[in-house]
Amino acid sequence: MPTIQQQAARNLTKLRETRPLIHNITNFVVMNFTANILLAAGASPVMAHAENEVEEMVGFARALVLNIGTLTDDWVDAMVKAGKKATSLGVPIILDPVGAGATALRTNAAKRILAETKVSVVRGNASEILALAGAQTNTKGVDAADSVGQATDQAIRLATELGVPVAITGPQDLITDGKRVIRVNNGHALMSSITGTGCGATAIIGAFSGVDPDPVSAAATALAYYGLAGQRAAADANGPGSFMIRFLDALYNLPPEELERDARISE
Amino acid sequence: MPTIQQQAARNLTKLRETRPLIHNITNFVVMNFTANILLAAGASPVMAHAENEVEEMVGFARALVLNIGTLTDDWVDAMVKAGKKATSLGVPIILDPVGAGATALRTNAAKRILAETKVSVVRGNASEILALAGAQTNTKGVDAADSVGQATDQAIRLATELGVPVAITGPQDLITDGKRVIRVNNGHALMSSITGTGCGATAIIGAFSGVDPDPVSAAATALAYYGLAGQRAAADANGPGSFMIRFLDALYNLPPEELERDARISE
Amino acid sequence: MPTIQQQAARNLTKLRETRPLIHNITNFVVMNFTANILLAAGASPVMAHAENEVEEMVGFARALVLNIGTLTDDWVDAMVKAGKKATSLGVPIILDPVGAGATALRTNAAKRILAETKVSVVRGNASEILALAGAQTNTKGVDAADSVGQATDQAIRLATELGVPVAITGPQDLITDGKRVIRVNNGHALMSSITGTGCGATAIIGAFSGVDPDPVSAAATALAYYGLAGQRAAADANGPGSFMIRFLDALYNLPPEELERDARISE
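Chains as they are written, first to last, in this note's numbering: chain A, 1 to 267; chain B, 1 to 267; chain C, 1 to 267.
Hints in this document: simulated from the structure, not taken from any laboratory. There could be a bad hint or two in this list.
Simulated pairs of lysine-lysine, BS3-like, Cα-Cα distance not exceeding 30 Å [to be verified]:
1) Lys14/B with Lys111/A
2) Lys81/C with Lys140/B
3) Lys84/C with Lys118/C
4) Lys111/B with Lys85/C
5) Lys140/C with Lys118/A
6) Lys81/B with Lys140/A
7) Lys140/C with Lys14/A
8) Lys140/C with Lys85/A
9) Lys140/B with Lys118/C
10) Lys118/B with Lys140/B
11) Lys140/A with Lys84/B
12) Lys118/C with Lys85/C
13) Lys140/B with Lys140/A
14) Lys14/A with Lys140/A
15) Lys85/B with Lys111/A
16) Lys81/A with Lys111/C
Have a look at the derived ranges for each label pair, beta carbon to beta carbon [claimed, not checked]:
17) Arg264/B with Glu116/A: 54 to 64 Å
18) Gly134/B with Asp236/A: 45 to 55 Å
19) Lys111/B with Thr13/A: 55 to 65 Å
20) Gln136/C with Lys111/B: 53 to 63 Å
21) Asn52/C with Glu267/A: 52 to 62 Å
Where is the CB? At the ideal position from N, CA and C, for every residue including glycine.
From just these sequences and the hints, can you work out the full model?
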């Protein structure tokens, strides 16, 4: 059995070789950046949100990414419809509950998707995961107002209760299915200086889920790859603009053997 | 009492220290760039446009930015709903009347927002401000077809009639509440070579309005900061692409003491 | 009569001198990048999709670009409405049938626009053009799964049947009105590593159609310009991020005389 670091390298290699189609129903702010992140990593992204085509489109996909960052009721309906079809087809669903806890619409939409579809991984910041767990949160928008450390126990409880693996990203990432608890120590502070890095992390978990059937392994290896690309990009960035560009380059260029060597994943 | 240049430096420092949440209901073209501009400046952006969450979201915000760049009727309804709540809470509203004068839908939407909510600052190009003032304009789209000089008298009249400070951006920016007339001479021609710099200026006025209760001072210092970052970015740019990236870096890196020294604000 | 290479240089010069307004009803993923591509080339982009303003807006435009990349029924209605008005005004319409063949909604929307408006040029990848021609395609999303070579005969047949020039982009581009068959050999593999280069090509055909009344010439010269800018950008790019930025710079900087010299257009 490979180590998790070896699995990371294998997943990245397989992603680039097989170019899985990732169907995204995501928010307006990050659509372009998410598509570019997926392309840079080696996946083939498609964005489609019309209720009368999402079932057809998800039939081609190896993963479905649902992100409620700029939701309205009709978009949530489309997400649930796509999610039900994905569930019936066995296509993994990755949920990004952007801003859960900030407004009732967001918290309820995330809970509805979790209830009506079989989510493979839910990925959020600490505040969003606390909100889904029904715990106290300090969130006022879409940026985290709580720490991963504060949210660890709630994440384990949430994963257990829902039967859905939970990933919290932050300075240190946490992935748990309620039994396994994995931490990823890749990443860089500049990643939070641009919009959409969290959403992009969710999409990359989707891409890795398209090549790795174990959701915990897919999420942990995806976040190590993503964070390591962030470290490479930050090395010679002058600020958030140049970081953003170097980040796409780093996702595209990162060799699997460097990922195996520099992934900081601990269980 | 500080000079306006000192106030500019204070506002930037306070913005970076307090990271005010800025709620944007804006157009699809610039959502990503606007969010990155606000993050680079030090603010915390959120985009939310659903009628059933905008009142809740604006309750967390220190400013509300309304931009009609890709409007439809339901989006205008959401803007008015958010704006009424912001008015009742005392949250400053910054209006960007993108394309006012080009179509009746746009002119009417901007006028409706001005009539039904208490706007703190309206920021447009010369053509848009002329259109709102009911004057002749040459606009055919969303780019300015008239000069700031041509629009000055109308801007003063409009500000007086509405009781709303008006900012016109262009090669020279003008800010007036009908009594004070401030000019800002920062900026660079490359700023008009990329989409969304006008919309970004409006958002930055929102961010500065989140830390400076005087709308005229907030607008003038915001535009000096924004224009100076444009000058810094243009210094070694090879074209609009590299300018865009260096602009985000410059917004992030500009020291308050350089803003105080190089802000070209005259009253 | 000028050579097609000379015509390319003339079109680019005229584009930068006259800055034609290009009205886009396009998808959420590429709106920002498309606007920046058009600005870098010298055109003046506007995005407007509300049913109650598209007729007014297209009245100012020199070309209308319709792109179904993230369509819903109401957006298709707006496209048809704008397209009918453009037809009556003689404004050239450029259609990008993104994802035709992948879902019935997309194939039907593209066919409806072709039936109800007078399209000047339809630009797609090989899979999309095969789908419109009613031929077998391997498409599963929005990326090409078929080659230009495989689609050539069908493109000629489709152009003849519809009376609409067809452009297929890929490693080699093909432009045909059923009689003339033109090939363009500019371009670079990195162009397919970022999202929206196909959509941008369609928009640039729109810009060139705003200054060149011959749709076949407009499309061929536009694609040579666009591909040559891609070559220049790729020369020192480190990956898709830096390529994207250098591409905007190259579109902005490319001298007409270099386009005349390096355009690889053969008939």
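Practice task
Given the hint that Lys140/C pairs with Lys118/A, test it: the Cα-Cα distance must not exceed 30 Å.
Solution key: Judged against 30 Å, a Cα distance of about 23 Å means the pair holds.
Exercise for the section: Could you check the hint for me, namely that Asn52/C and Glu267/A are 52 to 62 Å apart, CB to CB? Expected result: holds (58 Å)
Problem - Cβ separation of Arg264/B and Glu116/A, checked against the hinted range 54 to 64 Å - result: holds (57 Å)
Practice task
Measure nothing beyond the straight line between the CA atoms of Lys14/B and Lys111/A; if it is 30 Å or shorter, mark the hint as holding.
Solution key: violated (37 Å)
Problem - Satisfaction of hint between Lys140/A and Lys14/A, Cα-Cα up to 30 Å - result: Given that 30 Å is the threshold and the Cα spacing comes to 39 Å, the pair is violated.
Exercise for the section: Measure nothing beyond the straight line between the CA atoms of Lys140/A and Lys84/B; if it is 30 Å or shorter, mark the hint as holding. Expected result: Since the Cα atoms of Lys140/A and Lys84/B sit roughly 20 Å apart, the hinted pair holds (cutoff 30 Å).
Handout entry: Beta-carbon spacing of Gln136/C to Lys111/B - inside the hinted bounds 53 to 63 Å or not
Key = holds (54 Å)
Exercise for the section: Decide if the proposed pair is consistent with the structure: Lys81/C and Lys140/B, CA atoms, cutoff 30 Å inclusive. Expected result: holds (19 Å)
Practice task
Would you check the hint for Lys81/B and Lys140/A, treating anything up to 30 Å between C-alpha atoms as holding?
Solution key: Judged against 30 Å, a Cα distance of about 19 Å means the pair holds.
Problem - Given pair status - Lys140/B, Lys118/B, alpha carbons within 30 Å - result: holds (28 Å)
Practice task
Decide if the proposed pair is consistent with the structure: Lys118/C and Lys85/C, CA atoms, cutoff 30 Å inclusive.
Solution key: Roughly 10 Å between the alpha carbons, so the hint for Lys118/C and Lys85/C holds.
Exercise for the section: Below or equal to 30 Å on CA atoms is what counts here, so check Lys111/B against Lys85/C. Expected result: Answer holds: Lys111/B to Lys85/C is near 27 Å, not above 30 Å.
Of the hints listed earlier, those the structure fails to meet are numbers 1, 13, 14, in rising order.
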